[in-house]
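Protein chains in written order, with the working numbering: chain A, 5 to 156; chain B, 5 to 724.
Treat the hints as calculated values from the structure; they're not laboratory data.
Keep in mind that a hint or two might mislead.
[What the hints assert, rightly or not] Chain A stretches covered by chain B per the calculated footprint, using a threshold of three residues with CB under 8 Å from any CB of chain B:
#1 43 to 57
#2 76 to 87
#3 132 to 144
[Claimed, not checked] Cut-off 27 Å, straight-line C-alpha distance, at most; resulting in silico cross-link-like pairs (BS3-like, lysine-lysine):
#4 B:Lys91 to A:Lys84
#5 B:Lys215 to A:Lys72
#6 A:Lys118 to B:Lys723
#7 B:Lys91 to B:Lys194
#8 B:Lys673 to A:Lys152
#9 B:Lys723 to A:Lys120
#10 A:Lys84 to B:Lys673
#11 A:Lys116 to B:Lys194
#12 B:Lys91 to A:Lys82
[What the hints assert, rightly or not] Label pairs and their in silico Cβ distance ranges:
#13 B:Lys566 to A:Gly131: 35 to 43 Å
#14 A:Leu85 to B:Glu334: 54 to 62 Å
#15 A:Val43 to B:Ala330: 52 to 60 Å
#16 A:Leu85 to B:Glu183: 42 to 50 Å
#17 B:Lys455 to A:Val43: 50 to 58 Å
#18 B:Asp58 to A:Val43: 44 to 52 Å
#19 B:Lys197 to A:Asp123: 33 to 41 Å
#20 A:Thr144 to B:Gly420: 44 to 52 Å
#21 B:Gly681 to A:Gly131: 39 to 47 Å
Just so it is clear, the structure is predicted and the values come from calculations on it, not from any experiment.
All residues carry an ideal CB built from backbone N, CA and C; glycine is no exception.
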Amino acid sequence: MKLEVNRQVRELDVEPDMPLLWALRDELDVKGPKFGCGVAQCGSCTVLLNGEPVRSCSYPVSAAVGQKVVTIEGLAQKDKLHPVQQAWIDHQVPQCGYCQGGQILVAVALLKKKPKPTDQDIDAAMGNICRCGTYARIRTAIHAVAKKGVRA
Amino acid sequence: MTHLDPSSTGLARRDFLKVSATAAAGMSLGFFWPTHGNAAETPKLNAWIEIQTDDTVIIRYARTEMGQGSRTSAPMLVADELEADWKKVRIEYATAHENLRTKRAYGDMATVGSRTIRNSQEYLRKAGATAREMLIAAAAAQWGVPASECTAALGKVSHAASKRSLSYGKLAAAAAKLEAPKEVKLKDPKDWKIIGKSLPRVDIPDIVTGKIRYGIDAQVPGMMYAAVAASPVFNGKVKSLDASKVENRRGIVKVLNMGEFVAVVANNWWRAKEALREVAIDWETGDNGQLTSAVIMNSFKAGMGQAELAVARNDGNTVQALGTAAKVLEAEYFTPYLAHATMEPMVCTAWLQGDKLDVWTSTQNPENTLAVAAATAGVAQDKVTVHPMQLGGGLGRKSPQDFTRQGVMIAKAMAGTPVKMVWSREEDMQHDLYRPASLVRFKGGMDNDGKVQALHIRVSAPSILATLLRLPLPKGVDGQAVASFNDHPYDIPNSLVDYAQRNTNVPVGFWRTVGHSQNPYMRECFIDEMALAAGKDPLAFRLANLGQKSPRDVAILQAVAKAADWGGPLPKGVFRGIAETEGYGSYTACVCEVSVSDKGDVKIHRVVIGIDPGYAVNPDNIEAQLQGSVVHGLSAIFWGEMTIKDGRIEQSNFHDYRMMRLNEMPVVKAVIAPTGGFWGGVGEPAQAPLAPALCNAIAAASGKRIRSLPLKNHGMSLKA
Chain A
5 MKLEVNRQVR
15 ELDVEPDMPL
25 LWALRDELDV
35 KGPKFGCGVA
45 QCGSCTVLLN
55 GEPVRSCSYP
65 VSAAVGQKVV
75 TIEGLAQKDK
85 LHPVQQAWID
95 HQVPQCGYCQ
105 GGQILVAVAL
115 LKKKPKPTDQ
125 DIDAAMGNIC
135 RCGTYARIRT
145 AIHAVAKKGV
155 RA
Chain B
5 MTHLDPSSTG
15 LARRDFLKVS
25 ATAAAGMSLG
35 FFWPTHGNAA
45 ETPKLNAWIE
55 IQTDDTVIIR
65 YARTEMGQGS
75 RTSAPMLVAD
85 ELEADWKKVR
95 IEYATAHENL
105 RTKRAYGDMA
115 TVGSRTIRNS
125 QEYLRKAGAT
135 AREMLIAAAA
145 AQWGVPASEC
155 TAALGKVSHA
165 ASKRSLSYGK
175 LAAAAAKLEA
185 PKEVKLKDPK
195 DWKIIGKSLP
205 RVDIPDIVTG
215 KIRYGIDAQV
225 PGMMYAAVAA
235 SPVFNGKVKS
245 LDASKVENRR
255 GIVKVLNMGE
265 FVAVVANNWW
275 RAKEALREVA
285 IDWETGDNGQ
295 LTSAVIMNSF
305 KAGMGQAELA
315 VARNDGNTVQ
325 ALGTAAKVLE
335 AEYFTPYLAH
345 ATMEPMVCTA
355 WLQGDKLDVW
365 TSTQNPENTL
375 AVAAATAGVA
385 QDKVTVHPMQ
395 LGGGLGRKSP
405 QDFTRQGVMI
415 AKAMAGTPVK
425 MVWSREEDMQ
435 HDLYRPASLV
445 RFKGGMDNDG
455 KVQALHIRVS
465 APSILATLLR
475 LPLPKGVDGQ
485 AVASFNDHPY
495 DIPNSLVDYA
505 QRNTNVPVGF
515 WRTVGHSQNP
525 YMRECFIDEM
535 ALAAGKDPLA
545 FRLANLGQKS
555 PRDVAILQAV
565 AKAADWGGPL
575 PKGVFRGIAE
585 TEGYGSYTAC
595 VCEVSVSDKG
605 DVKIHRVVIG
615 IDPGYAVNPD
625 NIEAQLQGSV
635 VHGLSAIFWG
645 EMTIKDGRIE
655 QSNFHDYRMM
665 RLNEMPVVKA
675 VIAPTGGFWG
685 GVGEPAQAPL
695 APALCNAIAA
705 ASGKRIRSLP
715 LKNHGMSLKA
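Start from the sequences and build out the full structure, keeping to the hints where you can.
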């Protein structure tokens, strides 16, 4: 099957029900999406499918065919960081960082839909688990992107 | 197997400095890293510092990074004394095999016990100062002026009188040939330029772009993947297995019976994991399958009445003083087993080629990884390379090396083929080294003025040190089991702390904040019970009973109380709770403001949490650690418990071992109040005062005294 990952068409031969996460990680060497729970609980494996966040550990690879898959590696355009990535640096959000690729992608999708999200919007959208406890800074960083008014 | 463990690892600092001095002398004779690409041209001033001709300063970092931020803050200590230009500093890992080869030039590499800064600050600063003096001496020699007339700043040595200056890159080659000074003067803290600044963490740019590599991301050509299952009943062994259903399945390479566990090796981890579910395994569990949480509780209760107890503290005559006290209070507290559940589960990639072994893993203790890997594979330690990787959280779980042992066992069985072992979340939760459960009984006696005259604390709990590290316990006491009891700061004339060691089949280990994650909760809640019984304000009661004995405890308590406006007005229905403790060399205190509904919804309006770590190396990072401590603590306080039935852990994933999420995050006000003169840890201590401050606030709001955790068992939930 053919899969578009980070603006590149990649070819792979796997079972249709293989989770997208393991197709990306073990077949295509795209390591940004992380394994955390395997049952769509934690969100460390989040990728964007046509701009929508999806928990790739529980999403069959065959269903992603024909869609644009974007992982954390594909978010920056060439060397230009996405405003959300820049805000994550400006506000020193990550600690261990393991869940942060997923957190950033969910934030990108949120800001695309709601460029000025309220705290309630952030609460509703940002459901991924972070064990280090970066939640306060995630909220601050999202508001900072919104305030700058950069099209996310 | 060596046990380089969190409490007793290796060389004492004094011994290390001798080794370091020898190593530094060796380096000045032209001692270069063979692994470094352009090493031959890069002058090395000592084990920690290399300076390139383009003025790039390479500072080695010998611990691991798991979110605590010391990959940035430890090199800040070196750079400050070096008078380096931070913009030109590049931080690279020292590795366990280099440490072995240099007879531990880097000292202890374990990242445990919140001690990276406090245990290495002296030799790191000395390394920077030594190199600075050598660079100054090189410049002085070149200019033919006294070194005392030269100064170093921002990566340059200058001679003001002749208006000359040379950058470090131009001086490094000559400086590296000089003998290292034996004595160097460290800067006065008021002259620090880098220490104490909130500097951005060096690993964050690679995190936000997905470039950073964790243990789970190891990629080796020809690599295979392993999924594993150990006996769900602790201490069980494989009796028999039938893999006929999966052996011919796509991608399955091998099904291994390793005795203690089963591994399926495949060319994709998902294939391995799916196949493992269909391998029929018969486990030999003996009578280990009888164990339940109730059986363990009964054992703890029996410990309370045990004839012989280890004595951890015995001031005055507590029993007698309790007999004559005007008012005596008694209470029993319980804390449960907890799993670490780091976001990244246990992983180990290992590749055995002949007598050479490469290991990629997320480890808090690379030296122990190396030792365990060598012993497991049966190869010499100097044939092992442990590749440094970022950790997807550590929380104390990744210090013991059970997972490295498994990974290397698989690599040995698959000799020649690199294999990446990854634990499923279920495996991770069911084969953790759990924060011990514990039962603690308090008996406190006061006079009529609310002055505590006697305090008896009896602890019945497993010992991490005796079971995990197999260490002899001094006088039978596990220091973690009695932490914050045996060294309580209160000015109480009669204190007795005794301990019944009650080990079970449930393996225990170091969980972020260890004994301080549970004992301060119990101690500071009991102190509140006494304050209430004495009719005193909880802060005033603490201050009166701390007296003059513990000025740092008093200082942080007062700083946090002030920041929280303790005693000031609150909205209707909102109540405060307070607590303080010492831990990991730092002093911490917390005030929580809560309201509790009739249904048990606990709304946390604000958490004010403060720390006095002596010196605050990177304040922004300390704030992050305080925020993180609140999140880590609240997950445990509200939901955290691992229960045992039929000899196995009942919880298996995040649906039944619940973690706090962003919508539940309360407002946190961080108070960083360094008083100077000592170096304390930062990663763990702040979690300690959270649970008691919260539970004291809940008691104030609802009248309900919480004597066991988690709160869900009291019908309470965290209101978003």
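List, from low to high, the hint numbers that the structure doesn't satisfy.
10 and 11
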